[in-house]
Structure formats: C-alpha cells, structure tokens
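Asker: Using the sequences provided together with the hints, build the complete structure.
There are 2 protein chains.
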Amino acid sequence: MISKAQIKHIRSLALGKFRKQHKQFVAEGHKIVEEMLLTGGFQYQLFVSENQVESLSPVVQAAPFQLISDNEMKQISQLTTPPGVLAVVEFANQMYALDELGSNLNLVLDGIRDPGNLGTIIRTAEWFGVKHIFVSPDTVDPYHPKVVQATMGSLFRVGVTETDLIALISEVQADGFQVYGAVMDGVSVYETKLTSQASFLVIGSESHGISKAVRALIKNPISIPSYARGKLKTESLNASVAAAVLLAEFRKSEA
Amino acid sequence: MISKAQIKHIRSLALGKFRKQHKQFVAEGHKIVEEMLLTGGFQYQLFVSENQVESLSPVVQAAPFQLISDNEMKQISQLTTPPGVLAVVEFANQMYALDELGSNLNLVLDGIRDPGNLGTIIRTAEWFGVKHIFVSPDTVDPYHPKVVQATMGSLFRVGVTETDLIALISEVQADGFQVYGAVMDGVSVYETKLTSQASFLVIGSESHGISKAVRALIKNPISIPSYARGKLKTESLNASVAAAVLLAEFRKSEA
Numbered sequence: 001m002i003s004k005a006q007i008k009h010i011r012s013l014a015l016g017k018f019r020k021q022h023k024q025f026v027a028e029g030h031k032i033v034e035e036m037l038l039t040g041g042f043q044y045q046l047f048v049s050e051n052q053v054e055s056l057s058p059v060v061q062a063a064p065f066q067l068i069s070d071n072e073m074k075q076i077s078q079l080t081t082p083p084g085v086l087a088v089v090e091f092a093n094q095m096y097a098l099d100e101l102g103s104n105l106n107l108v109l110d111g112i113r114d115p116g117n118l119g120t121i122i123r124t125a126e127w128f129g130v131k132h133i134f135v136s137p138d139t140v141d142p143y144h145p146k147v148v149q150a151t152m153g154s155l156f157r158v159g160v161t162e163t164d165l166i167a168l169i170s171e172v173q174a175d176g177f178q179v180y181g182a183v184m185d186g187v188s189v190y191e192t193k194l195t196s197q198a199s200f201l202v203i204g205s206e207s208h209g210i211s212k213a214v215r216a217l218i219k220n221p222i223s224i225p226s227y228a229r230g231k232l233k234t235e236s237l238n239a240s241v242a243a244a245v246l247l248a249e250f251r252k253s254e255a
Numbered sequence: 001m002i003s004k005a006q007i008k009h010i011r012s013l014a015l016g017k018f019r020k021q022h023k024q025f026v027a028e029g030h031k032i033v034e035e036m037l038l039t040g041g042f043q044y045q046l047f048v049s050e051n052q053v054e055s056l057s058p059v060v061q062a063a064p065f066q067l068i069s070d071n072e073m074k075q076i077s078q079l080t081t082p083p084g085v086l087a088v089v090e091f092a093n094q095m096y097a098l099d100e101l102g103s104n105l106n107l108v109l110d111g112i113r114d115p116g117n118l119g120t121i122i123r124t125a126e127w128f129g130v131k132h133i134f135v136s137p138d139t140v141d142p143y144h145p146k147v148v149q150a151t152m153g154s155l156f157r158v159g160v161t162e163t164d165l166i167a168l169i170s171e172v173q174a175d176g177f178q179v180y181g182a183v184m185d186g187v188s189v190y191e192t193k194l195t196s197q198a199s200f201l202v203i204g205s206e207s208h209g210i211s212k213a214v215r216a217l218i219k220n221p222i223s224i225p226s227y228a229r230g231k232l233k234t235e236s237l238n239a240s241v242a243a244a245v246l247l248a249e250f251r252k253s254e255a
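Top to bottom, those sequences are chains U and F.
Here the first sequence is numbered in the numbering used here, starting from 1 and rising by one per residue.
Here the second sequence is numbered in the numbering used here, starting from 1 and rising by one per residue.
Quick caveat, the hints were computed from the structure, so don't treat them as lab data.
Note that the structure is a prediction, hence the values are computed from the model and not measured.
Even glycine gets a Cβ: it sits at the ideal position worked out from N, Cα and C.
Certain hints may be false.
[Stated by the list, open to error] Okay, the calculated beta carbon distance ranges per label pair:
#, chain 1, residue 1, chain 2, residue 2, range
1, F, Asp175, U, Leu67, 54 to 64 Å
2, F, Thr192, U, Tyr190, 15 to 25 Å
3, U, Ser3, F, Val59, 53 to 63 Å
[Said to hold, decoys possible] With a cut-off of at most 25 Å between alpha-carbon atoms, the simulated DSS-like pairs for lysine-lysine come out as follows:
#, chain 1, residue 1, chain 2, residue 2
4, F, Lys20, F, Lys4
5, U, Lys212, U, Lys146
6, F, Lys233, U, Lys146
7, F, Lys146, F, Lys20
8, U, Lys17, U, Lys4
9, U, Lys31, F, Lys252
10, U, Lys233, F, Lys146
11, U, Lys146, F, Lys4
12, F, Lys193, U, Lys193
13, U, Lys193, F, Lys252
14, U, Lys212, F, Lys31
15, F, Lys8, F, Lys131
16, F, Lys23, F, Lys8
17, U, Lys23, U, Lys4
18, F, Lys212, U, Lys31
19, F, Lys131, F, Lys193
20, F, Lys193, U, Lys252
21, U, Lys233, F, Lys252
22, F, Lys233, U, Lys252
23, U, Lys252, F, Lys252
24, F, Lys31, U, Lys233
25, F, Lys31, U, Lys131
26, F, Lys131, U, Lys233
Answerer: What follows is the structure, encoded as structure tokens:
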C-alpha cells in the first residue's frame with residue numbers, strides 16, 4: 001500500500017526541477033538497486049511489486065522495502081515495462097577535497113546533452129579509476145532516469161558535481177593542476193606527455209565540442225588521430241568514445 | 001506529389017524484413033543525405049519537403065530530387081520531427097576480396113543488439129581505418145533507422161556484411177589471419193602483440209559478450225584492464241567503448 005501523496009511525489013521525480021528541489025532521484029531495476037545497496041551509504045526508500053517479491057536477490061531481500069501492488073508500481077515507475085523494483089534515493093553528498101582531486105585524474109564534461117552518452121561516460125570513468133566528474137550546468141542531469149540506467153550502477157561510486165567550469169578550471173590551473181581538453185585540432189594524444197595525477201580531462205558536447213570560454217583556458221589541447229583514408233571521412237568521434245580512448249591512454253601512461 | 005503506392009513502399013522500409021526484401025533503406029536528414037551524395041556510388045531516390053527546399057546545401061540542391069508537401073513528408077518519415085530530406089537508398093554491393101581484408105584490421109560483431117551501439121561502432125571503426133565489418137545474424141540490422149542515424153554517414157563508407165561468424169573465423173584463421181576477441185578474462189591488451197594487418201577483432205554483445213561457439217575459436221583473447229579500486233566496481237565496458245579503446249590500441253601499435 002502506498003499513499004496518493006507518495007505516488008504523486010515519486011512521479012514528480014521524473015522531472016529535473018523536482019529532483020533538484022527534493023535532492024532525490026529514482027533508480028529502477030534489480031541490478032541497479034542491488035548496486036546501490038552493495039555500495040552503501042545511501043538514504044533510500046525501496047518499493048517492490050508483488051509480482052517480483054519471489055525474484056529478489058538476497059541483497060535486495062535483506063533490505064527494508066515496502067511491498068506494493070503491480071498496479072501501484074505501474075503508477076510510480078518511469079519505465080514502460082516496470083522491472084518491479086524501485087528505489088527513491090537521496091543524492092549522496094558530493095564532497096571532495098582538493099587533495100583528493102590532486103592524487104587523481106578527474107573528468108570535466110562541458111555540455112553533454114545525450115543521457116545515454118553521459119551514462120556511458122560515468123560507467124567508463126569508473127572503469128578507468130576516475131572518482132570525480134564535474135559537469136557544466138548545461139550538461140544533462142546526471143540523475144535523469146536514462147542516465148541512471150546507462151551508468152549500470154557506476155553513478156553510486158563516482159562523484160558527479162555540477163559546477164561553473166570556468167571557475168573550476170581557473171582555480172585548479174592556478175593550483176598547478178594540468179588541464180587537458182579533447183579538441184579536433186590539438187596535439188596527438190600519442191605525442192603528449194600525459195599526467196594522470198593532479199590533472200583534469202575536459203570533454204565537450206556531441207555537436208559543438210568544448211565551449212569557447214572553456215577552450216580558451218585549456219593549456220593542453222589533445223586529439224585522437226584518425227586513421228581513415230580518403231578525402232571524405234567521419235568528422236568526429238562520439239563523446240563517450242573519445243572519453244574512453246583518452247582515459248585509457250592516460251592510464252596506460254602510468255604504467 | 002508522391003503516389004500512395006510509393007508512400008506505402010517507403011513506410012514498409014521501417015521494417016527489417018522489407019528492407020531485406022527490397023534491398024533498400026531510408027536515410028533522413030540534411031547531413032546524412034549529403035554524406036551519401038558526397039560518398040557517391042549509391043542508387044537512390046531523394047525526397048525534399050516544401051518547407052526545406054530553401055535550406056538545402058549546394059550538394060543536395062544539385063542532386064535530382066522529388067519535391068513533396070510537408071504532409072507527404074510526414075507520411076514517409078520515420079522520425080517524429082521529419083527533417084524534410086529523405087533518401088531511399090539501395091544497399092551498396094558489399095563485395096570484398098580476401099586480399100583487401102588481408103591488408104587491414106577487420107571488425108567482427110557478435111550479437112550487438114542496441115542500434116545506438118552499432119551505429120557508434122560503425123562510426124568509430126571508420127575513424128580508426130576499418131573498412132569491413134562482419135556482423136552475426138543476431139546483430140541488429142545495420143540499416144535500422146537508429147543505426148543509420150548514429151553512424152553519422154560512416155555507414156556509406158564502411159562495408160557491413162552479415163555472415164555466419166563460425167564459418168568466417170574458421171576460414172580466415174586457416175588462411176593465417178590473427179583473430180583477437182574482447183573478453184573479460186583475456187590477456188591485457190597492453191601486454192599482447194597486436195597486428196593490424198590480416199587481422200580480425202571480435203566484439204561481443206552488451207550483455208553476454210562473445211557467444212560460446214565463437215569464443216572457442218578465438219586464439220587471441222584480450223582484455224582492457226580496469227583501474228577501478230575497491231571490491232565493488234563496474235563489471236564491464238559498453239560494447240562501443242570497448243571497441244573504441246581496442247581499435248585505438250591496434251592503430252597505435254602500428255606506429
């Protein structure tokens with residue numbers, strides 16, 4: 001049983017402005033809820049529909065949940081086919097200390113609009129050991145349902161902070177951090193000295209790249225060389241693909 | 001003006017079985033149609049709606065097209081917001097000679113189901129100089145509208161052939177090609193000798209990896225090491241991300 005007010009509240013979290021207002025987002029699906037529970041440290045409310053109560057993994061079963069009808073689940077789910085396991089999760093406190101950033105490679109995303117791309121980048125960032133991602137205000141909300149799905153749980157383990165990129169980059173560059181940016185006309189990443197400590201990698205939007213004002217601050221513009229032959233060729237890589245190739249190269253440079 | 005029969009025919013191409021039957025697919029949008037025309041060598045029928053006739057690029061303007069009403073365009077478009085430029089394109093003849101494969105790195109996709117992933121992989125493959133991609137019959141149709149969009153035009157310049165992977169890999173391996181496969185438990189790609197001539201790289205599906213029968217044939221299983229710390233971490237990379245990191249590494253090994 002779930003109250004009408006609860007249903008209305010959870011439904012409202014489909015919209016970014018209510019997610020921001022309540023500092024909550026929705027995570028749906030057996031796997032993603034299990035990842036949230038295993039990661040730990042989150043405040044959440046968990047809902048399981050009657051048709052799924054037999055299929056819960058031991059981890060989800062052990063968590064406190066509210067059993068609701070399949071019809072109630074349909075009303076709060078953001079998916080066409082509700083997986084039957086839904087958590088309302090409070091935003092984790094995205095705190096970070098400058099010295100933690102200093103011992104790491106950090107990622108900066110400037111205007112990524114596609115939720116699938118952002119989710120894939122967060123997942124890839126975790127794979128390559130990135131702990132903090134900074135996103136511009138015009139990047140898609142990291143708690144958008146499609147982003148949450150695409151991260152496959154990585155969202156619970158990588159800190160994502162929305163911030164003014166100009167202020168951030170100016171500050172960390174003044175502090176001696178190296179700031180790299182993926183651009184079309186940079187130095188080949190294979191001919192650049194890469195530092196994966198006290199450094200930031202900036203990735204721009206799918207269609208416009210890094211914004212002009214941010215680009216002007218970047219001291220290390222880098223590019224992934226194309227091996228396509230012929231006059232006519234693809235002009236760019238997908239943002240998540242470019243991020244992946246560059247992150248791999250940074251990590252390799254450590255070895 | 002466009003006949004009812006034409007409208008019906010073009011609408012039918014939204015379905016894979018009719019695309020296969022007629023050996024035709026639909027490409028929509030100013031940019032993608034321009035890429036098709038610039039690449040050249042395609043048989044096509046081009047439709048432009050009245051509201052777009054003023055916005056055509058010189059390349060599209062110079063091509064023979066049929067002017068139709070905005071309402072007619074709505075009926076043949078596969079998109080919610082029709083871009084107003086639509087081409088019905090005949091499949092190019094996907095011919096390839098074994099010696100052409102022999103001078104290249106070739107890609108094999110086993111069971112990629114997500115159209116966005118397949119499109120991104122085709123685009124990335126072109127960037128890294130791959131000319132031929134072989135896909136298993138259970139891979140999503142490369143002429144699916146969402147794939148066509150995601151390739152950003154690369155589909156016109158990379159050959160994509162559906163084939164039985166067991167037969168293909170057995171044959172090329174017998175011919176001395178090196179066959180690499182992206183797996184979870186392979187040798188680190190950074191500790192493997194990579195050959196980007198006379199070689200094949202196999203990428204498996206998003207959820208199940210490379211199928212068992214194909215996996216059994218692969219003599220060079222390779223992996224991308226994870227740099228995530230902590231017990232709990234993301235289990236895998238997105239298929240298009242894994243393909244990109246590996247293709248980049250193959251190309252780099254040439255240098």
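Asker: Each of the hints needs a verdict: does it hold here or not?
Answerer: Consistency of the hints with the structure:
no.: 1; hint: F:Asp175 / U:Leu67: 54 to 64 Å; result: holds (60 Å)
no.: 2; hint: F:Thr192 / U:Tyr190: 15 to 25 Å; result: holds (18 Å)
no.: 3; hint: U:Ser3 / F:Val59: 53 to 63 Å; result: holds (60 Å)
no.: 4; hint: F:Lys20 / F:Lys4; result: holds (21 Å)
no.: 5; hint: U:Lys212 / U:Lys146; result: violated (28 Å)
no.: 6; hint: F:Lys233 / U:Lys146; result: holds (20 Å)
no.: 7; hint: F:Lys146 / F:Lys20; result: holds (16 Å)
no.: 8; hint: U:Lys17 / U:Lys4; result: holds (21 Å)
no.: 9; hint: U:Lys31 / F:Lys252; result: violated (36 Å)
no.: 10; hint: U:Lys233 / F:Lys146; result: holds (20 Å)
no.: 11; hint: U:Lys146 / F:Lys4; result: violated (38 Å)
no.: 12; hint: F:Lys193 / U:Lys193; result: holds (23 Å)
no.: 13; hint: U:Lys193 / F:Lys252; result: holds (16 Å)
no.: 14; hint: U:Lys212 / F:Lys31; result: holds (24 Å)
no.: 15; hint: F:Lys8 / F:Lys131; result: violated (34 Å)
no.: 16; hint: F:Lys23 / F:Lys8; result: holds (16 Å)
no.: 17; hint: U:Lys23 / U:Lys4; result: holds (20 Å)
no.: 18; hint: F:Lys212 / U:Lys31; result: holds (24 Å)
no.: 19; hint: F:Lys131 / F:Lys193; result: holds (22 Å)
no.: 20; hint: F:Lys193 / U:Lys252; result: holds (16 Å)
no.: 21; hint: U:Lys233 / F:Lys252; result: holds (19 Å)
no.: 22; hint: F:Lys233 / U:Lys252; result: holds (19 Å)
no.: 23; hint: U:Lys252 / F:Lys252; result: holds (12 Å)
no.: 24; hint: F:Lys31 / U:Lys233; result: holds (13 Å)
no.: 25; hint: F:Lys31 / U:Lys131; result: violated (37 Å)
no.: 26; hint: F:Lys131 / U:Lys233; result: holds (12 Å)
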